[in-house]
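Protein chains: 2
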Amino acid sequence: MMGKRYEIQLAGEGGQGVVLAAVILAEAAAVQEGKNVAQSASYGPEARGGLTESEVVISDEEIDYPRVVAADVLLAMSQKACDAYFPFLKENGLLIVDSVQVERTPRADAYRVPITQIAEEATGKAVTANMVALGLLVGLTGVVSIPAIEAAVVARSPKGTEALNVKALHAGLEWARENRR
Amino acid sequence: MMGKRYEIQLAGEGGQGVVLAAVILAEAAAVQEGKNVAQSASYGPEARGGLTESEVVISDEEIDYPRVVAADVLLAMSQKACDAYFPFLKENGLLIVDSVQVERTPRADAYRVPITQIAEEATGKAVTANMVALGLLVGLTGVVSIPAIEAAVVARSPKGTEALNVKALHAGLEWARENRR
Numbered sequence: 001m002m003g004k005r006y007e008i009q010l011a012g013e014g015g016q017g018v019v020l021a022a023v024i025l026a027e028a029a030a031v032q033e034g035k036n037v038a039q040s041a042s043y044g045p046e047a048r049g050g051l052t053e054s055e056v057v058i059s060d061e062e063i064d065y066p067r068v069v070a071a072d073v074l075l076a077m078s079q080k081a082c083d084a085y086f087p088f089l090k091e092n093g094l095l096i097v098d099s100v101q102v103e104r105t106p107r108a109d110a111y112r113v114p115i116t117q118i119a120e121e122a123t124g125k126a127v128t129a130n131m132v133a134l135g136l137l138v139g140l141t142g143v144v145s146i147p148a149i150e151a152a153v154v155a156r157s158p159k160g161t162e163a164l165n166v167k168a169l170h171a172g173l174e175w176a177r178e179n180r181r
Numbered sequence: 001m002m003g004k005r006y007e008i009q010l011a012g013e014g015g016q017g018v019v020l021a022a023v024i025l026a027e028a029a030a031v032q033e034g035k036n037v038a039q040s041a042s043y044g045p046e047a048r049g050g051l052t053e054s055e056v057v058i059s060d061e062e063i064d065y066p067r068v069v070a071a072d073v074l075l076a077m078s079q080k081a082c083d084a085y086f087p088f089l090k091e092n093g094l095l096i097v098d099s100v101q102v103e104r105t106p107r108a109d110a111y112r113v114p115i116t117q118i119a120e121e122a123t124g125k126a127v128t129a130n131m132v133a134l135g136l137l138v139g140l141t142g143v144v145s146i147p148a149i150e151a152a153v154v155a156r157s158p159k160g161t162e163a164l165n166v167k168a169l170h171a172g173l174e175w176a177r178e179n180r181r
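Here the protein sequences come in this chain order: X and F.
With this note's numbering, the residue at position 92 of the first sequence is 92, and numbering never jumps.
With this note's numbering, the residue at position 111 of the second sequence is 111, and numbering never jumps.
Hint data in this document are derived by calculation from the structure and do not stem from the laboratory.
On a predicted model such as this, the values are computed, not experimentally measured, just so you know.
Careful, some of the hints might be misleading.
Identical chains blur together in the list; that is why a pair holds if it fits in one copy or across any two.
What the hints assert, rightly or not - Cut-off 30 Å, straight-line C-alpha distance, at most; resulting in silico cross-link-like pairs (DSBU-like, lysine-lysine):
{"hint": "1", "residue 1": "K125", "residue 2": "K159"}
{"hint": "2", "residue 1": "K125", "residue 2": "K167"}
{"hint": "3", "residue 1": "K159", "residue 2": "K80"}
{"hint": "4", "residue 1": "K80", "residue 2": "K90"}
{"hint": "5", "residue 1": "K90", "residue 2": "K125"}
{"hint": "6", "residue 1": "K159", "residue 2": "K4"}
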């Protein structure tokens, strides 16, 4: 599945939790699986407008340049995020969008997943959409193992929210299992 | 206080919350104050050993290189973290260490602050030490305004923990106000 270097970009609006999702994915790969990982987020003038992005670079080897150069995966939680970051996706890279938020998808083979809706159905809370997104990402790519992402989600969840977040994660994994092409 | 580019490095052991502290500081500077900000964290083989670091670069201008080159501030929450990252601190950079965790400080003019103890006294929870650290950092540098860091702490706190985290933040700000040289 993975080559030497694997680049993941998560993008959405402020409050959708894409920075936290990146931190959790980074910890799953590094702390649980012992990979070299760089996690980052940039905030430009667009941060006030609500656009937020974060990146995870995972490698078996030392990471020379810590930012996304050409993404292997883009997960976009909003139309603006999809439009802004699609140009950085590799030609054969994996595009996953929240179909509830993204109307126009720039590529026909994108995974259009009702992420927000899956979150609401699984946990009653749209705010767990970032955990559904993590489940999708792991389920569709195998970039980290399921036990590794579970452990990282639990470690990063505020006390009392662990079970809810794992439930949302599994809803994403489940969708990926059923719909993976 | 700030030049064009200001580099902050936070380092500690896993579980001390230095990545979250960096994310909050980044959001205070970007979302609340409209600066250009890059936040990042690297995890190498040492992540399994417990060492964790994160970085925030803040600039009035576009950020060309998003990582710390020579830190203006190093905040170290453990001896190992202090030893590992001190070499990246500028010669006249600001060194802040948790005196509860760091015995040997590499520079005589470091701020030795009992961060963990202040957290326990302020909130009864050592886990709020990262919020005390944020308060110290803002109080000693003025890198963002107090309202900006308060708003970012509240926005990032799990429901029900906002007041506790703001209390810890203020304990750090208070220490800085009383002891700033």
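Quiz prompt | Alpha-carbon proximity context of K159 and K80, limit 30 Å | solution = between (33 Å within a copy, 28 Å between copies)
Quiz prompt | Within, between, both or neither, where K125 and K159 count as close if Cα-Cα is 30 Å or less | solution = Close inside one copy (17 Å) and across copies (13 Å); limit 30 Å.
Quiz item: Are the CA atoms of K80 and K90 at most 30 Å apart within a copy, between copies, both, or neither?
Solution: For K80 and K90, the Cα distance is within 30 Å only inside one copy (19 Å; across copies 39 Å).
Practice problem: Check K125 against K167 for me: Cα-Cα at most 30 Å, and say if that holds within a copy, between copies, both or neither. | Solution: Both: 11 Å inside a chain and 28 Å across chains, each within 30 Å.
Quiz prompt | Identical-chain pair category, K159 with K4, by Cα at 30 Å | solution = This pair counts as neither: shortest intra-copy Cα distance 36 Å, inter-copy 39 Å.
Quiz item: Is the C-alpha distance from K90 to K125 at most 30 Å within one copy, between copies, in both cases, or in neither?
Solution: Close neither inside one copy (33 Å) nor across copies (45 Å); limit 30 Å.
Hint compliance for this structure: hints 5, 6 are broken, all remaining hints hold.
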